[in-house]
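Which chain is which? The protein sequence lines are A and B, in order. 1 is the number of the first residue of the first sequence in my numbering; add one for each residue after it. 1 is the number of the first residue of the second sequence in my numbering; add one for each residue after it.
Simulated from the structure, these hints should not be mistaken for laboratory data. We put the beta carbon where it would ideally sit given N, CA and C, even for glycine. One should not assume that every hint holds.
[To be verified] Some residues of chain A that are not near chain B, with every Cβ distance over 12 Å (derived):
no., residue
1, Ile-71
2, Val-78
3, His-81
4, Arg-82
5, Asp-85
6, Val-87
7, Arg-88
8, Pro-127
9, Glu-128
10, Asp-141
11, Ala-148
12, Ser-149
13, Lys-159
[What the hints assert, rightly or not] Listed next, with one range per pair, are the computed distances between beta-carbon atoms:
no., chain 1, residue 1, chain 2, residue 2, range
14, A, Glu-64, B, Ala-50, 28 to 34 Å
15, B, Val-55, A, Lys-60, 30 to 36 Å
16, B, Lys-31, A, Arg-170, 43 to 49 Å
17, B, Arg-37, A, Arg-88, 24 to 30 Å
18, A, Lys-60, B, Ser-19, 21 to 27 Å
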Amino acid sequence: MTKTGQEIGEQQRVDNPEPRTFASVLRSHQSMVFSIAYHFLRDRPAAEEVAQDVFLQLHKRFEEFESDAHIAFWLRKVAGHRSIDYVRKRKSQAAVDIDDVPVPSVDGEPEDHFLNRRLRLLIGSLPEKPRMVMILRYQEDMRPEEIASAMDMPVRTVKSHLQRSLAMLREKIDRSMGDVR
Amino acid sequence: MMDDFEKQLQEALSRKEPSPFFEARVLGAVKRQARERRASMRMWWATAVAAVLIVVAVSVWQHQRNEQAREEATGREAKARLELALKITSVKLQKISQKVEGI
Numbered sequence: 001m002t003k004t005g006q007e008i009g010e011q012q013r014v015d016n017p018e019p020r021t022f023a024s025v026l027r028s029h030q031s032m033v034f035s036i037a038y039h040f041l042r043d044r045p046a047a048e049e050v051a052q053d054v055f056l057q058l059h060k061r062f063e064e065f066e067s068d069a070h071i072a073f074w075l076r077k078v079a080g081h082r083s084i085d086y087v088r089k090r091k092s093q094a095a096v097d098i099d100d101v102p103v104p105s106v107d108g109e110p111e112d113h114f115l116n117r118r119l120r121l122l123i124g125s126l127p128e129k130p131r132m133v134m135i136l137r138y139q140e141d142m143r144p145e146e147i148a149s150a151m152d153m154p155v156r157t158v159k160s161h162l163q164r165s166l167a168m169l170r171e172k173i174d175r176s177m178g179d180v181r
Numbered sequence: 001m002m003d004d005f006e007k008q009l010q011e012a013l014s015r016k017e018p019s020p021f022f023e024a025r026v027l028g029a030v031k032r033q034a035r036e037r038r039a040s041m042r043m044w045w046a047t048a049v050a051a052v053l054i055v056v057a058v059s060v061w062q063h064q065r066n067e068q069a070r071e072e073a074t075g076r077e078a079k080a081r082l083e084l085a086l087k088i089t090s091v092k093l094q095k096i097s098q099k100v101e102g103i
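Next comes chain A alone, as it looks inside the complex (with noise of 0.2 Å):
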């Protein structure tokens, strides 16, 4: 049975029922963004000051979306753009060679364990592309399709480097737990 426009309507009003306000959204998505910026940049007021930028835009062009999901696409999509045109202007993140990542010290946050911050580390270490492909998958469970589409590359090229990245950060792992051992 097909529904009319007032029933979907009404179903809209049911699953969501506060109209949606920019303060709404940036409440519910400013973790996203943040993370996406965090992740890639490695620097907290570096990724609040991107995260803050994606907002603002956002905020100017509100009136336009029409859907949380296109929303919630659009500002990954722009959260990943910004933080690599970011990392560009600064140059100031002198780029680390994977092989030159050290182990981290097992003294930090209490919370954080030991492989998730060596993990981090070498994601950090990857070049621009790879690193926000890397981190839309896993952070935040994107298709190659949607990360294609956001990032404006051909599926073949983040599927590449997903393979490659994987099986880079496996080898380092696995050879750095050697070294532990």
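Position chain B against the provided structure of chain A, taking the given hints into account.
For chain B alone, kept in the frame of chain A given last:
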């Protein structure tokens, strides 16, 4: 299907929260941006109105100048005509005077 390593990656890249003041800071920046946009719109309108006023004033001044020049030209033309008419009259009167003197 994700393997253990990919699940570990998901855990390592789990979402983090920004600082507690982030939301307030963004909302403050949004208000500032809106104020700046309104101020720049007001500036734009003021500039546009000033430009229109200048154009109108220049047009009125130009029109008045043209009118004045046209009136001066008409006056000069009338003066020249009057002078010619007086000259012709003077010549005719002179001829009549000469004829009267000859009688």
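Results of checking the hints against the structure:
1. Ile-71: holds, 15 Å
2. Val-78: Answer for A:Val-78: holds, closest chain B Cβ roughly 14 Å.
3. His-81: holds, 18 Å
4. Arg-82: holds, 14 Å
5. Asp-85: It holds; A:Asp-85 is separated from chain B by about 19 Å at its closest Cβ, greater than 12 Å.
6. Val-87: holds, 17 Å
7. Arg-88: holds, 22 Å
8. Pro-127: holds, 17 Å
9. Glu-128: Consistent with the label, A:Glu-128 stays out of reach of chain B, its closest Cβ about 16 Å off (over 12 Å).
10. Asp-141: violated, 7 Å
11. Ala-148: Its Cβ never comes within 12 Å of chain B, the nearest being 19 Å, so this holds.
12. Ser-149: holds, 20 Å
13. Lys-159: holds, 14 Å
14. A:Glu-64 <-> B:Ala-50: 28 to 34 Å: Cβ of A:Glu-64 to Cβ of B:Ala-50: about 33 Å, so the range 28 to 34 Å holds.
15. B:Val-55 <-> A:Lys-60: 30 to 36 Å: About 32 Å separates the Cβ atoms of B:Val-55 and A:Lys-60, which means 30 to 36 Å holds.
16. B:Lys-31 <-> A:Arg-170: 43 to 49 Å: Once the Cβ atoms are compared, 48 Å apart, the range 43 to 49 Å for A:Arg-170 and B:Lys-31 holds.
17. B:Arg-37 <-> A:Arg-88: 24 to 30 Å: holds, 28 Å
18. A:Lys-60 <-> B:Ser-19: 21 to 27 Å: holds, 24 Å
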